[in-house]
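Asks: Here is what each chain is made of, one letter per residue.
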Amino acid sequence: MMILTNAFAALSDDTRFAVVERLMKEGELPAGKLLEGVELSAPAMSRHLKVLRKAGLINQRVAGTQRLYSVRPEAMKAIVDWTMDHRMFWEASLDRLEAHLALEKEPEE
Amino acid sequence: MTDIRIEREFSVSAERLFAAVTQRAEAVLWWGPEGFKVTNDQLNMTTTGPWFVHMISPEGKNYKVSGHVTHVDAPRSIGFTWAWHDTETDKRGEESHVTMSVIETMTGARLIIEHRDLGDNETGAGHERGWASTLASLAKFLNQNDLSKEKI
Chain H
1 MMILTNAFAA LSDDTRFAVV ERLMKEGELP AGKLLEGVEL SAPAMSRHLK VLRKAGLINQ
61 RVAGTQRLYS VRPEAMKAIV DWTMDHRMFW EASLDRLEAH LALEKEPEE
Chain E
1 MTDIRIEREF SVSAERLFAA VTQRAEAVLW WGPEGFKVTN DQLNMTTTGP WFVHMISPEG
61 KNYKVSGHVT HVDAPRSIGF TWAWHDTETD KRGEESHVTM SVIETMTGAR LIIEHRDLGD
121 NETGAGHERG WASTLASLAK FLNQNDLSKE KI
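As they're listed, the protein sequences go chains H and E.
Under this note's numbering, residues 1 to 109 are what the first sequence spells out, in order.
Under this note's numbering, residues 1 to 152 are what the second sequence spells out, in order.
In case anyone wonders, no lab produced these hints; they're calculated from the structure.
Note that this is a predicted model, so its numbers are computed, not measured.
Do not rely on the hints blindly, as some may be mistaken.
Said to hold, decoys possible - Here's a subset of chain H near chain E, in silico, CB distances under 8 Å, partners left out:
1. LYS54
2. TRP90
3. GLU91
4. SER93
Unchecked claim - Within a straight-line C-alpha distance of at most 30 Å, the following computed DSS-like cross-link-like pairs (lysine-lysine) qualify:
5. LYS37(E) with LYS77(H)
6. LYS33(H) with LYS61(E)
7. LYS25(H) with LYS54(H)
8. LYS91(E) with LYS61(E)
Glycine residues also receive a C-beta, built at the ideal position from the N, C-alpha and C atoms.
Only chain H is shown next, with the shape it has when bound in the complex (with noise of 0.2 Å):
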């Protein structure tokens, strides 16, 4: 379960925030290549982590010598079922009438 107002504190800070976008776009990544393009010692990312790890936003697995971060999905829905963005709101409304005007359509094969 997580707390609202612990994932936005956590997201509050920059380096956080561009942290979790990141994992958003591209998937799970290890540490070492979280701090690549950042000037940051890592020391400082991995207390970074930590704080989102502990706010629910993050996970992490350990995988042989690595540990890899991902965005906890569920994390990312409580946020959105939280606010009511508008493009937000249009995509996920484009994507029902994607879908109403697929029932209509004869099955592709």
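Place chain E on chain H using the hints.
Replies: Relative to the frame of chain H, chain E by itself:
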């Protein structure tokens, strides 16, 4: 100010798409994210005049939007004003403008939604810059993970 532009391709004719977008019987079926229900509406967008929609989310939260259809150019485009109502006071918020355009393509038709003149307070959590794009990637992310909708 935030301007939103969304394009979506459909494999139906422009006329068919325009009808699904503007006619009330169909509009009530797709307005709002998955799980939302239209509880009261004036969603006939085929003529100019006032429109509104009341929706309820799967969590039981009520949403109300209203405005005025300002132009109808069948089967090409419609324009309308838009403002959320405050859930508690029913006060109508800042007004924005939506244009929906249908363009015929090689494979069917494209719907373009442009949502303009959105104040900074219009995006719910959106006091922070970048929320709109973040939520767009959120929506994509959720679609990929099948959490926000059932695949048909």
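Asks: Give a verdict on every hint.
Replies: Comparing the hints with the structure gives:
Because the beta carbon of LYS54(H) sits about 20 Å from the nearest beta carbon in chain E, more than 8 Å, this interface hint is broken. The interface hint given for TRP90(H) holds, since its Cβ lies 5 Å from the closest Cβ of chain E, which is under the 8 Å cut-off. This hint holds: GLU91(H) has a C-beta 5 Å from the nearest C-beta of chain E, less than the 8 Å allowed. Among the interface hints, the one on SER93(H) holds; its C-beta lies about 6 Å from the nearest C-beta in chain E, closer than the 8 Å criterion.
Distance hint between LYS37(E) and LYS77(H) is fulfilled; the C-alpha atoms sit about 18 Å from each other, no more than 30 Å. Of the pairs offered as hints, the one joining LYS33(H) and LYS61(E) is violated, with about 40 Å between alpha carbons and a cut-off of 30 Å exceeded. Between LYS25(H) and LYS54(H), the direct Cα distance comes to roughly 21 Å. Compliance with the 30 Å bound is thereby established for this hinted pair. Taken as a hint, the LYS91(E) and LYS61(E) pair is honoured in the structure, with Cα atoms around 16 Å apart against an allowance of 30 Å.
In summary, the structure is inconsistent with hints 1 and 6 from the numbered list given earlier, while agreeing with the others.
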